[in-house]
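Undergrad: Chains as they are written, first to last, in the numbering used here: chain A, 1 to 493; chain B, 494 to 665.
Heads up, a few of these hints could be off.
As the list claims (entries may be wrong) - Derived DEER-like restraints, expressed as beta-carbon distance ranges:
hint	chain 1	residue 1	chain 2	residue 2	range
1	B	Arg576	A	Thr277	18 to 28 Å
2	A	Gly179	B	Pro640	46 to 56 Å
3	B	Gly587	A	Ala425	23 to 33 Å
It should be emphasised that the hints constitute simulated quantities derived from the structure, not laboratory data.
Keep in mind it's a predicted model, so treat the numbers as computed, not measured.
Quick reminder that beta carbons are idealized off the backbone N, C-alpha and C, glycines included.
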Amino acid sequence: MGVLKSHYEILGVPVDATADEIKSAYFDIARRLHPDVNPSPGAHDQFLEIQNAYDVLADAARKKMYDQEFFGGKKPNINLSSHIRYSRSSLIKLDEPQLIYVLIDVVSTAEPDLDSIPPAHLCLVIDRSTSMQGSRMEMVRANIAHLLGHLRKKDLISIVLFSDRAEVMVPPTEMSDIGRVEMQLRQIQTGGATEIYQGLEAGISLLRTGSGINTTKMLVLLTDGHTYGDEEPCLRLAEEVAAENISINTMGIGHEWNDTFLDRLSSLSGGSSIFVTGTKDLYNYLDQKIRSMGYIYGRGVRLEYELDPNVELNYAFRLKPEISPLVFGSPMQLGDLYHNQPVSLLMEFLVKPITTDVESMELLKGRLLMEIPSIRPPLGPIHVRLRRPIRADMTRELPPSAIVDALAKLTLYRMQDKARKEVEAGEISKATRHLQYLATHLLAQGNRELAHSVLIEAENIQQSRNYSKDGDKRIKYGTRALLSLPAPEQDRI
Amino acid sequence: MILCPNCQHQEIPGALFCSECGAQLLTMDRGITQSIQKTPSDNLDTGNIAVESQIYPSPVAEAEAVISLHVVETGEVLNLAGRTEFTLGRVAEGQPILPDVDLSPFDAYTAGVSRLHSALKIINQRVVITDLGSSNGTRVNGQKIVPHVDYPLNHGDILAFGKLKLQILINK
């Protein structure tokens, strides 16, 4: 079936593109396809098509008529904008590698029509292995029973319990039938080992089959243990479901769970992970998850990209809406976009020595894609091009404060990461030194409590050559949480 | 390469923070070491807390238990306010963590005060002291206290950090 492309799609601009964006997109393509420079036979027809699209869209009156016709009189209300900030205005011609930081914000400013936000299906996958017995399971039970009341009427909940096998405790249930769920919660029995894959698979199959296409699907895994030998299949499953816009979120309780694994598991699907140190963490995290489901604008935001061969992506971190290190590789999963809250992404690029005379370099060329349930026909991608001019000399300039601010905190997070690797490698004195530096910065920023636990860990490492039982996780998630503290909103430009 | 002014670690041009010590590298000219604005920790001037609270007595602080320290030898009084925890010690070169109250003006070094000696805390309207594992110990009314354990204080108690004696004054 031949689908007629819209003029917007032909030019590769979003439906809400400004006149300037349309113009520059047109010139970009025209330069490549103009019959004078491109002799291939298809180019001529394509050029005419683009010319035609541009003629319509560049003329305000004709554009209006076209929009009327194409969108059936009602142009979807798309207010999606992206804002890109660089740590420097240009690259430098340099015979050694250099770094540049880029902060990308994508925000929806559309007036939320909360009633039209599609239903959500939340699947809780709960570890019921022997170690969860007692207060841990009690905490889970009490909080979930309480939080269920925050779901909307049209939302679905399902609960899977797992140990070395999985069982569906609550099949997808509408909120109107909540009494039964509460009853069942009281009957959870603990016992057995932890095999995360079992639980994950059961949960995902519920999400796949138990809810409609338009439903927002979210899985929350809660565990307190190491999983045995099934990490690989779990990660593959996460990659698979990312394409179906199912996000996996993970919560670890106690000191035995594998945070590196759970971090990766959630990042692969655009979710997040937290360390539950007490009932408050559990409540706040789930509460926020449940509330956010009612504010979803776009699902499965992802960045497909290519890097310049001379550029490497060193690091990518999502700062908002939820903090998470990102697994990079195209496409990069960024999770969901909520109304009035940006998806904010910080990247560190390493640029190899620039020795030839070129005017500029395109660090990254890519497209941001997402599924926006409220918009039909689907929105085209947002093009992202990170291009910087190259100069011979460095000019002094101050990087945008939002970047400096985020990096100040990210540096601390990476420092604990470093210390942790050093402890693993047995480099105790290096690790201690890094933890002491970390504590100094934390104190300077007024985080006395965290600084104190970092110092205690530093001492601990010196004595026992290892972290105390949950010290490494405490510091990791503690420094990560710093990034969620409010940062200065906008730079003065 | 650029050098971190704080720890001399080599960083790639364009880096904004030192990956080794976390110091901010604000200007980024290549090749040369720059004089650079250091981390905020250098500005953490803790010695002046007492003075500030004298000049600006905040109404909040007055509502809570306000602690003063009377230096027995010199007769000076240090007022502590605005927080619920104060670390006491002496500021020395290259110290990663600075105490809130610097006792070095009172010959703390010769008296045997550690860099982080003890902490005074206000917990539920009670004032307690904790020795932070100091070399020469903390005494309350002549009695040596166990390190890292909170010890309740009353108005007028005499504290000894090494040989430096301070009397605690609690104004409820």
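Undergrad: It remains to establish, for every hint, whether it holds in the given structure.
TA: Okay, the hints, checked on the actual structure:
1. B:Arg576 - A:Thr277: 18 to 28 Å: Between arginine 576 (chain B) and threonine 277 (chain A), where Cβ atoms are some 24 Å apart, the hint holds.
2. A:Gly179 - B:Pro640: 46 to 56 Å: With Cβ atoms ~55 Å apart, the hint holds.
3. B:Gly587 - A:Ala425: 23 to 33 Å: holds (26 Å)
When the structure is compared with the earlier hints, no violation turns up for any of them.
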